[in-house]
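Could you build the full structure based on these sequences and the hints that come with them?
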Amino acid sequence: MSSTFDTVAGIISETCDIPREKITLESHAINDLGIDSLDFLDVAFAIDKAFGIKMPLEQWTQDVNEGKTSSDKYFVLQDLCANIDALVAAKTA
Amino acid sequence: MRLEYFQMIDRISLLDPEARLARADCRVPDESPVFEGHFPGHPLLPGVLMIETMAQIGGWLVLATLRFDRMPFLVQVKEAKLRAFVIPGQALEAEAKLLHDGSGFAVVAGKISADGKTVAGAEITYRVVPFPNATLKGEMLKTARRIAVPKAFFDAA
Numbered sequence: 001m002s003s004t005f006d007t008v009a010g011i012i013s014e015t016c017d018i019p020r021e022k023i024t025l026e027s028h029a030i031n032d033l034g035i036d037s038l039d040f041l042d043v044a045f046a047i048d049k050a051f052g053i054k055m056p057l058e059q060w061t062q063d064v065n066e067g068k069t070s071s072d073k074y075f076v077l078q079d080l081c082a083n084i085d086a087l088v089a090a091k092t093a
Numbered sequence: 001m002r003l004e005y006f007q008m009i010d011r012i013s014l015l016d017p018e019a020r021l022a023r024a025d026c027r028v029p030d031e032s033p034v035f036e037g038h039f040p041g042h043p044l045l046p047g048v049l050m051i052e053t054m055a056q057i058g059g060w061l062v063l064a065t066l067r068f069d070r071m072p073f074l075v076q077v078k079e080a081k082l083r084a085f086v087i088p089g090q091a092l093e094a095e096a097k098l099l100h101d102g103s104g105f106a107v108v109a110g111k112i113s114a115d116g117k118t119v120a121g122a123e124i125t126y127r128v129v130p131f132p133n134a135t136l137k138g139e140m141l142k143t144a145r146r147i148a149v150p151k152a153f154f155d156a157a
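Chains W and B, in that order, are what the protein sequence lines are. Per our numbering, residue 1 is the first one in the first sequence, and the count goes up by one each step. Per our numbering, residue 1 is the first one in the second sequence, and the count goes up by one each step.
Please keep in mind that the hints were generated in silico from the structure rather than gathered at the bench. Predicted model, so just to flag it, every value in this text is computed and none were measured. It cannot be assumed that every hint is accurate.
[What the hints assert, rightly or not] Example chain W residues on the side facing chain B (calculated, C-beta under 7 Å, incomplete):
(1) Leu41
(2) Ala44
(3) Phe45
(4) Asp48
(5) Lys54
(6) Pro56
(7) Leu57
(8) Glu58
Each residue gets a CB set at the ideal place from its N, CA and C atoms; glycine is no exception.
Dropping the structure here:
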């Protein structure tokens, strides 16, 4: 998780021009860091490349829009990193 | 190319989703109302239309990769470089390489060459969504036939 967070925080900082120290495990990518949906595509592209995965953004967005889950589950960095770790584990299993 | 109708691709010459690559022939018309304004006495293919050309060949690659199940819409152009003037009558080759097939988005590297020399390049991002209506999908399939997209890519669409 720690190294995943470091990688993701670095990507967000560089891609969205957000000071690294403002990005914490508790940050919500949209509500706290102000990343809009277009910038998030750049973040997703970089995360997919860095971890060799394909984050299921469409499914996540659908879940949130249909009220099945809170956006925190996907966009709070601690949860986002846990989801990335799970995708990496599923790929290598 | 029919510039005033945004028909930038004349004919697909290569479409290989496995190799993540597409190429197309595009001939700049000898005459077009576009050249009356760009520029009077010095007609040049506008740079924005070179970017549109790269976006279109990349779009056909994404469409073929997804077997016309979804439609790519241009949302971002990065690192666009327009390296040389393109004039009426010039033969161009447009090329796209799929850099990433993401969930709901795709990224391609676009390029245009003339006489083997690169005249433009850009990294292009699309949002990939369900077709908004049957009319658009029908028109895309019609255009696919016109520009020689192999039928195998849209047989089931």
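So, going through the hints one by one against the coordinates:
1. Leu41: With Cβ-Cβ at 5 Å, under 7 Å, it holds.
2. Ala44: holds (6 Å)
3. Phe45: With Cβ-Cβ at 6 Å, under 7 Å, it holds.
4. Asp48: Since chain B brings a Cβ to about 6 Å from W:Asp48, closer than 7 Å, the hint holds.
5. Lys54: Where the cut-off is 7 Å and the nearest Cβ of chain B is about 6 Å from W:Lys54, the hint holds.
6. Pro56: holds (5 Å)
7. Leu57: Constraint on W:Leu57 satisfied, holds at 4 Å.
8. Glu58: holds (4 Å)
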